Amino acid sequence: MTSGDAGWEERSAVRVVPPLRPRKLAKVPFVELAEGRLQGVVSSGSDIARVYVSSIAAGTHNFSCSTNNNRPCAGAGGSRHCKHLKALIDEAVRQYGFDRVARYLKVDASEGDDLHFLLKGRLEKAPAAMVFSRFLRHLTYLQVPAVSEPLPEMHWFPAWKAVA
Amino acid sequence: MQAVQLAELLAQSPPGVAEAVEVVAGFDAALAGGLARLGPRHTEAVNALAAAVGASPLGTALADASAKVAGGAIGVPEMTALAGARAALLGAAHDALLARLDGALGRSRAVWEERPAEGEPVPANLLAAARSWLRELAIAGWLGVDEGLASAAEQAVEALWGEPRLRRLAVLLDGMAAELRVSSPVATMDRVPERRWADLWTRAVLLSHSGGWTGGTATVSGRLLPLGVDVHEHGTAVQAQLHAVLEPADGDGPVRLVRVAVSAAKVDTIVGPEVWKLLSAYPTLLAALAEHRSVNVAGMRLTAGGDLLWDEERAEAGEPADPFATARVRLPDAEAPAVAPLDRHPVHIAEPVLVEGYKVKREGTFDLGGQILAVDLDRLPPGGPLTERLVTASTACIGLLRWDAGRWSLQPLAVQSAVKKQPVAAHNGDWALGPTDPKVVKAQVRSGDPVAVLTERAGRLLRK
Chain W
0 MTSGDAGWEE RSAVRVVPPL RPRKLAKVPF VELAEGRLQG VVSSGSDIAR VYVSSIAAGT
60 HNFSCSTNNN RPCAGAGGSR HCKHLKALID EAVRQYGFDR VARYLKVDAS EGDDLHFLLK
120 GRLEKAPAAM VFSRFLRHLT YLQVPAVSEP LPEMHWFPAW KAVA
Chain G
0 MQAVQLAELL AQSPPGVAEA VEVVAGFDAA LAGGLARLGP RHTEAVNALA AAVGASPLGT
60 ALADASAKVA GGAIGVPEMT ALAGARAALL GAAHDALLAR LDGALGRSRA VWEERPAEGE
120 PVPANLLAAA RSWLRELAIA GWLGVDEGLA SAAEQAVEAL WGEPRLRRLA VLLDGMAAEL
180 RVSSPVATMD RVPERRWADL WTRAVLLSHS GGWTGGTATV SGRLLPLGVD VHEHGTAVQA
240 QLHAVLEPAD GDGPVRLVRV AVSAAKVDTI VGPEVWKLLS AYPTLLAALA EHRSVNVAGM
300 RLTAGGDLLW DEERAEAGEP ADPFATARVR LPDAEAPAVA PLDRHPVHIA EPVLVEGYKV
360 KREGTFDLGG QILAVDLDRL PPGGPLTERL VTASTACIGL LRWDAGRWSL QPLAVQSAVK
420 KQPVAAHNGD WALGPTDPKV VKAQVRSGDP VAVLTERAGR LLRK
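If you read the sequences in order, they're chains W and G. Counting from 0, one number per residue, gives the positions in the first sequence under numbering that gives the first Met the number 0. Counting from 0, one number per residue, gives the positions in the second sequence under numbering that gives the first Met the number 0.
Everything labelled a hint here was simulated from the structure, so no lab data went into it. Every value quoted in this text rests on a predicted model; they were computed, and no experiment measured them. Careful, some of the hints might be misleading.
[Unchecked claim] Which residues of chain G face chain W? A few of them, derived with a C-beta cut under 7 Å, are: (1) Ala177; (2) Arg202; (3) Leu205; (4) Ser209; (5) His231; (6) His233; (7) Thr235; (8) Pro282; (9) Thr283; (10) Ala286; (11) Leu308; (12) Val346; (13) Ile348; (14) Leu379; (15) Val444; (16) Leu461.
[Stated by the list, open to error] Stretch by stretch, here's where chain G covers chain W in the computed footprint (C-beta under 8 Å, at least three residues): (17) 10–24; (18) 102–116.
Glycine is no exception: its CB is placed at the ideal position from the N, C-alpha and C atoms.
The following block holds chain W by itself, in its conformation from the complex (with noise of 0.2 Å):
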């Protein structure tokens, strides 16, 4: 019994989501698909309270890179990526895997092409803080108390195997 079974539109429980893989988060702490770019947070090296946001826009592969306070990245420019662009697409295909990667970006590539490569954009300034500010929303679910309340709907949600 697989989710490509026959009947799948008239099921309630089903996976829509396509799993994500587990990965390292000390470089790369945050990594998105959402508001038509790849974008997400990355440590700085040096400095434990520094993060730089970084994202690429699909279509046009535009880039930006720059601290949490708007201070540009010294090492993107032109058409060159900096290393925490770099460590931003490497995570991203690690955690939703090429394919999910390329398509939103909306990349001609196939599994195994240099996603490094192909995306050819150019510098353009993107507003770091609101990337940020879904950073800061993200980590707030951590802090939320667990809870002994029956949530009756997580059965439309059940854990599914994981995927090999």
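Chain W is already provided as a structure; the job is to place chain G on it using the hints.
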């Protein structure tokens, strides 16, 4: 469960279920295309839904609503009436299916007692914001959903998470919005999960009128004997729901089946065995799962729907108790709980059973004396040791009987098998205090500790 019981369960579907589901399917197709511009076929489907509840107390409201919707007007009252009718039909289907199951298993079930709900009214503005998004979805239909509409609920959902009494709605809308977002634009999907999304929408509309529906409670004391744990998970929430037998202390009623659910918010990068760390506020419960122990509970609150509201202060770890022994000795005579009115939907049918003496067929089904029981091999949580291989090599299984899309299946919670003639068992909750499989421990070390990393980041960044 015996072969003869399974035969009775699998005999033709209870009368009326297929017809009710067909009416629901018609409405679901209309909702997929959007209720604002119904074509003739979908107008007919909405009218059929209204007609199906015509003789019930919902009749007048539905007659009104279907007329308005046919005219292109869809407001909150219309949307609510339609959701109510759809829920009522599936509620009736649920009742017929559960009665069939109880009859087949010879299981007695408590009668629903309405207990006064506890607590204060919930903030009306939060509910109104949820309704407004649900109305937009109904107007656009699934096929009209794009990333903008899917994300339009973000603020409302964020506010709902801040109100503990609205947790059910927050968790539901968050899970639903994530699915719509990842599927956007929905019109380009190969296939649309029409039943599922209409289910989620319907439940959300109902919850958006009053928030929590847990109802009142009574207190109970006694010995809790675990059977198995069902794990639920989406990007931002995880719930572990224990099914157990409660042997009440003197005078506290019959031996009965109860559930214990604990849940936590999470983020999508916390997966697999890591999720148990988020439930560490319940050490006695987790130890009972991981170590197969009974728990003595004293004065704990129990809802009329059979949910024990876990309170660590009122729980004390007891003696070791093998869930398979409990399933053999205590489960057959335990009284099942009544079903809360809002939970009358086939998706909530999850009846614990013990199945043994079967042959595993090649396609992964169980042949029990010639009766074939489907086994849900997709529903094996990655936070536990159960795998397809263990299930198909098993000789006994504690599982939940479920029904979806016209078919009964068994969701395994625990299996026993023989490895080199030695009996071994694996339970969904075995890793509640951390994985016991060295390979999994190693993989966990490789990927670091996501909960610790994110908690550290939250501590550093959120204080500012």
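Evaluation of the provided hints:
1. Ala177: 6 Å, holds
2. Arg202: 6 Å, holds
3. Leu205: 10 Å, violated
4. Ser209: 14 Å, violated
5. His231: Given a least distance of 4 Å, the restraint on His231 (chain G) holds.
6. His233: 4 Å, holds
7. Thr235: 6 Å, holds
8. Pro282: Given a least distance of 12 Å, the restraint on Pro282 (chain G) is violated.
9. Thr283: 12 Å, violated
10. Ala286: 16 Å, violated
11. Leu308: 6 Å, holds
12. Val346: 5 Å, holds
13. Ile348: 9 Å, violated
14. Leu379: 4 Å, holds
15. Val444: The hint is violated - Val444 (chain G) has no Cβ within 7 Å of chain W, the shortest such distance being about 11 Å.
16. Leu461: 6 Å, holds
17. 10–24: holds (count 14)
18. 102–116: Violated: only 0 residues of the region 102–116 of chain W have a Cβ under 8 Å from chain G.
The earlier numbered hints that this structure contradicts are 3, 4, 8, 9, 10, 13, 15 and 18.
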